[in-house]
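> What follows is each chain in one-letter form.
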Amino acid sequence: MVGYTAIVLQVGAVVAGAPLLTGLMRQTRARLEGRAGAGVLQPWRDVRKLLRKEPITPVGTGPAFRWAPPLLVATSLVLAVLVPLVSTDTPVRARADLILVVSLLALGTLALALAGLDTGTAFGGMGASREMTIAALVEPTILVAVFALSIPAGSTNLPVIVAGAADQPARLTSPAGLLAIAALAVAVLAESGRLPVDNPSTHLELTMVHEAMVLEYAGPDLALVEFGAQLRLTVLLGLLASLFAPWGIATGASLTAVLLALLLVVLKVMVLGMALAAAEVFWAKLRLFRVPELLAGSFLLALLAVTASYFLGAEGGGAR
Amino acid sequence: MSLIPAALATATALGVAGVPAGLILPQRVRGALVGSLTAGVGVAGGTAGVAALGGGRFSASAPGLLPLAGAHFAVDALSGLFMAVAGAVVAAVAVYGIGYVAGHGSHGLGSRGAQAVLPLFALTLLLVPAAAAVSTFLLLWELMALTSLLLVLAEHRARPAVREAAVWYAVMTHLGLVLLLAGLSVYAAQAGGETFAALRSGSGAMSPTVRGLVFVLTATAFTSKAGLVPLHAWLPRAHPEAPSAVSALMSAAMVNLGVYGLVRVGFDLLGGGPAWWWLLVMAMGGLSAVYGILQAAMASDLKRLLAYSTSENMGLVVLGVGAAGLFAHAGDKALAGLVLAAALLHVVNHSAFKSLLFGAAGSVLRATGERNLDLLGGLRARMPITAGLFALGALGAVALPPGNGFVSEWLLLQSMIHGLAVPGVTTAIVLPLAVAVIALSAGLAAAVFVKALGVGFFARPRTAQAAAAQESPLLMLAGMALLAALCTALALVPGLLGDGLDRAVAAVGFAGMHPVSGGGLRVRLDEVSASLSPLWVVVALTVALGAVTAATRWASRRQRRRMNARLWDCGGGAPTPRMAYTATSFAEPLQRVFDDVLAPEQDVDVTPVRESAYLVERVAFRNRVPDRIEHRLYRPVLDFLAAAGQSARRLAGGSVHAYLGYGFFGLVALLVVLVVGW
Numbered sequence: 001m002v003g004y005t006a007i008v009l010q011v012g013a014v015v016a017g018a019p020l021l022t023g024l025m026r027q028t029r030a031r032l033e034g035r036a037g038a039g040v041l042q043p044w045r046d047v048r049k050l051l052r053k054e055p056i057t058p059v060g061t062g063p064a065f066r067w068a069p070p071l072l073v074a075t076s077l078v079l080a081v082l083v084p085l086v087s088t089d090t091p092v093r094a095r096a097d098l099i100l101v102v103s104l105l106a107l108g109t110l111a112l113a114l115a116g117l118d119t120g121t122a123f124g125g126m127g128a129s130r131e132m133t134i135a136a137l138v139e140p141t142i143l144v145a146v147f148a149l150s151i152p153a154g155s156t157n158l159p160v161i162v163a164g165a166a167d168q169p170a171r172l173t174s175p176a177g178l179l180a181i182a183a184l185a186v187a188v189l190a191e192s193g194r195l196p197v198d199n200p201s202t203h204l205e206l207t208m209v210h211e212a213m214v215l216e217y218a219g220p221d222l223a224l225v226e227f228g229a230q231l232r233l234t235v236l237l238g239l240l241a242s243l244f245a246p247w248g249i250a251t252g253a254s255l256t257a258v259l260l261a262l263l264l265v266v267l268k269v270m271v272l273g274m275a276l277a278a279a280e281v282f283w284a285k286l287r288l289f290r291v292p293e294l295l296a297g298s299f300l301l302a303l304l305a306v307t308a309s310y311f312l313g314a315e316g317g318g319a320r
Numbered sequence: 001m002s003l004i005p006a007a008l009a010t011a012t013a014l015g016v017a018g019v020p021a022g023l024i025l026p027q028r029v030r031g032a033l034v035g036s037l038t039a040g041v042g043v044a045g046g047t048a049g050v051a052a053l054g055g056g057r058f059s060a061s062a063p064g065l066l067p068l069a070g071a072h073f074a075v076d077a078l079s080g081l082f083m084a085v086a087g088a089v090v091a092a093v094a095v096y097g098i099g100y101v102a103g104h105g106s107h108g109l110g111s112r113g114a115q116a117v118l119p120l121f122a123l124t125l126l127l128v129p130a131a132a133a134v135s136t137f138l139l140l141w142e143l144m145a146l147t148s149l150l151l152v153l154a155e156h157r158a159r160p161a162v163r164e165a166a167v168w169y170a171v172m173t174h175l176g177l178v179l180l181l182a183g184l185s186v187y188a189a190q191a192g193g194e195t196f197a198a199l200r201s202g203s204g205a206m207s208p209t210v211r212g213l214v215f216v217l218t219a220t221a222f223t224s225k226a227g228l229v230p231l232h233a234w235l236p237r238a239h240p241e242a243p244s245a246v247s248a249l250m251s252a253a254m255v256n257l258g259v260y261g262l263v264r265v266g267f268d269l270l271g272g273g274p275a276w277w278w279l280l281v282m283a284m285g286g287l288s289a290v291y292g293i294l295q296a297a298m299a300s301d302l303k304r305l306l307a308y309s310t311s312e313n314m315g316l317v318v319l320g321v322g323a324a325g326l327f328a329h330a331g332d333k334a335l336a337g338l339v340l341a342a343a344l345l346h347v348v349n350h351s352a353f354k355s356l357l358f359g360a361a362g363s364v365l366r367a368t369g370e371r372n373l374d375l376l377g378g379l380r381a382r383m384p385i386t387a388g389l390f391a392l393g394a395l396g397a398v399a400l401p402p403g404n405g406f407v408s409e410w411l412l413l414q415s416m417i418h419g420l421a422v423p424g425v426t427t428a429i430v431l432p433l434a435v436a437v438i439a440l441s442a443g444l445a446a447a448v449f450v451k452a453l454g455v456g457f458f459a460r461p462r463t464a465q466a467a468a469a470q471e472s473p474l475l476m477l478a479g480m481a482l483l484a485a486l487c488t489a490l491a492l493v494p495g496l497l498g499d500g501l502d503r504a505v506a507a508v509g510f511a512g513m514h515p516v517s518g519g520g521l522r523v524r525l526d527e528v529s530a531s532l533s534p535l536w537v538v539v540a541l542t543v544a545l546g547a548v549t550a551a552t553r554w555a556s557r558r559q560r561r562r563m564n565a566r567l568w569d570c571g572g573g574a575p576t577p578r579m580a581y582t583a584t585s586f587a588e589p590l591q592r593v594f595d596d597v598l599a600p601e602q603d604v605d606v607t608p609v610r611e612s613a614y615l616v617e618r619v620a621f622r623n624r625v626p627d628r629i630e631h632r633l634y635r636p637v638l639d640f641l642a643a644a645g646q647s648a649r650r651l652a653g654g655s656v657h658a659y660l661g662y663g664f665f666g667l668v669a670l671l672v673v674l675v676v677g678w
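Read top to bottom, the protein sequences are chains A and B. Going by the numbering used here, the first sequence opens with residue 1, and the numbers climb by one from there. Going by the numbering used here, the second sequence opens with residue 1, and the numbers climb by one from there.
Zero decoy hints are in this set.
Residues of chain B clear of chain A, computed beta-carbon distances all greater than 12 angstroms: (1) T12; (2) S36; (3) E164; (4) L475; (5) A478; (6) A652; (7) V672.
Simulated restraints on C-beta separations: (8) A/L312 with B/M579: 50 to 58 angstroms; (9) B/L23 with A/R66: 50 to 58 angstroms; (10) B/P384 with A/L41: 40 to 48 angstroms; (11) A/V281 with B/V637: 53 to 61 angstroms; (12) A/L178 with B/V539: 32 to 40 angstroms; (13) A/H203 with B/R561: 26 to 34 angstroms.
Here are a few chain B residues that face chain A, going by a calculated C-beta distance under 7 angstroms: (14) P401; (15) P432; (16) L444; (17) A459; (18) L567; (19) R592.
Source of the hints: derived by calculation from the structure; they are not laboratory data. Don't be surprised by glycine CBs; every beta carbon is placed ideally from N, CA and C.
Bound-form chain A, shown alone (with noise of 0.2 angstroms):
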């Protein structure tokens, strides 16, 4: 039963707080850059003005443009579900597979691209396009890196890499750990579109990736990709925050730990959020043709950590 109480309260949170994240890093920025910002709850009022508006088919789109929007979301709620954020305990524990998790993310990001060349435009296509060959480059990245936080596990299983983590957190400090987690950090960047991979305020032809797919959305569907993103990148932070931090996940059926596993998250949520923040501001967002050299750096990590955790692995702990 706390199971279940623990994967509604997940959910429940990354949806409501999902928007929230979104509000508070744009406040974040807005303050460092000298603005006063809109507010944090600026992103919910945006989406309850866009459901308001009529609902919009452009002329000669088809389904794939309007069941994107909802798939993309829906794969971001699985996520919600999957992901061990509060609990290691859930329901669901045995089906939050780390690979199934990135394939889910994939079928979103194929998605939105399908929906962006249905419309047929230049713009759909380019984004597109870009969206499609920094996915592919990233998968070897998040694979690989999933394959090095394994090793210690001895699973994919998500529960398990991180009640392991949470038991043992030497794993972490380990060269192998650290190298996973600076190769992923960079995939989620990748993935959830922040800069310096793709910017997510502009609307600029030449920096466009993620708002060049979605150009011709608008009113409920624009609110759905929107809030697809934002549950994304809230998913993404909490994920990384549950791998390399999982101090205080409730690993048993105690209410009390998942509330404060609950509070604890939404901090470290907040925290990751901010740090991610406050570090787009300094940083300017890569030319398209540099985000491979990027990702090649980190897939080179995510390798390394691999060497890294079967050797080092061997000497020390003995685990194979």
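With chain A held as given, fit chain B onto it using these hints.
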């Protein structure tokens, strides 16, 4: 178990009966009858395969059937797996083929020759895995190559490119045959018998050098048949130029037999080997996976794209087979069984979605006469069922949930990740790279199929042909629907394969790990476990999708009516279809990223106006991504052969005197040799 011989005999009878039927029958009924016979071959052969997967075994010898050696057949679960796959593909594609031929008239696939050969080709696809002696195997192998060659040639009157493709295919498949013949002859001579049983028992006593030689020769031939880089050159030529039904059969059933041969000879007959064999195999698999999908990403020709994707998928399968060999060599039979099961499962999945994709590509080709994605577009409104079926196949090919490709790639990734349990530095270095290769090829496959679906089927038509497209006839759709049902079943309930997969793996001496059961996949080894339930993923996604739609509807309940609006045109008037992204432009970023690997050739011709060098009159831009490996590897050989031929031409000057002289001197020389020699 008398089911297997009965089914095989039925298949043979139907297949052989198809030859006179194709030759004699008038065009009106030819397609339907030959198609039905071919479908019968598929059903019967598939039944035999399923029976073998269910635990049935069969072996028979017919000493009188072939001169000298006699014919030997044996069916075990491994043969059964490949027969079941081939049978299912043949049956569905044959139904598709009836519709395909109906509108085509009497040339192409509907011609007498092609229709007579089609059932025979289908039959050889089913019988090759049943062969149990070197001579029987080689005979059927060659028959398969020849019949497929004739089918590739079916449309040679329509396009000159067909002939070139057929020449490439003929030469490469026969080079493969030569290698195979050499390898298996050496093997048979050393083992002292040519039946598989004799080879199996004789392999232990052979020297490592001979074993290595046999393995390298046969593996080269088998990987060439599987379309692996660098011996893939025939595949991206023959697949696009063959009629689509034949492409589907070749890509979904014939290339599998390369994998079958590799597994049969490498594991079953030779009984495994040293690590370098399998590292070599893994290297070829990995190279093919990445290179194949990169070339697919660059291809604008829909069928060429699918052909390169076959190279990629076979590369992944062979990567798994190589890993199985490596693990077995290290003594971890359980893990070897797991990764081999993953590879075989991927063979099954690939066959299902690739035959569906080739079928849909054939429908597009038939409706528009175009294979070039840059000239298509807008087909989802004109051919909705075909577009939906293509999307389903593409979902399988991108290896994302809830597609069927995801299931086997997940298992492959899991077995690679868990392979680190095998001690040794080799695995510690090779496996992360293998995971990276699988991941990169999956990521690029997503881009490839987004391109194929988004550019080819979505948006608006770019040409008049695409705008005039009409949905395919019912039988073609029915054939594809069968394959789509197969894809869906494999995606949702991989446990349908039951213990068959385990038996197939156990047939080559590895322990079955029961990775698939019921509605899910489960990996259990010492210390590690992982599970995946595709059905759960689908249900979860559907529930979430329903919740999202309902919530959005409720939130925007005051504005129910969807309005149509113009596309955003920057105030410049409605965008024309020419402004939409094409396949070439879609692939451009990837082409730039992989510039060093692909070595694209670009040409810009700027013609200025005569009066001023600064005013441009015309700009011509050409972009070509040649197959680099082909260019570097094959061109020198072809150039050498051409040069040798050219210099030999001097002997044939056209003078009858000279020719008579050659005859005279030749005869004299022969006589002198005879006199002196004897």
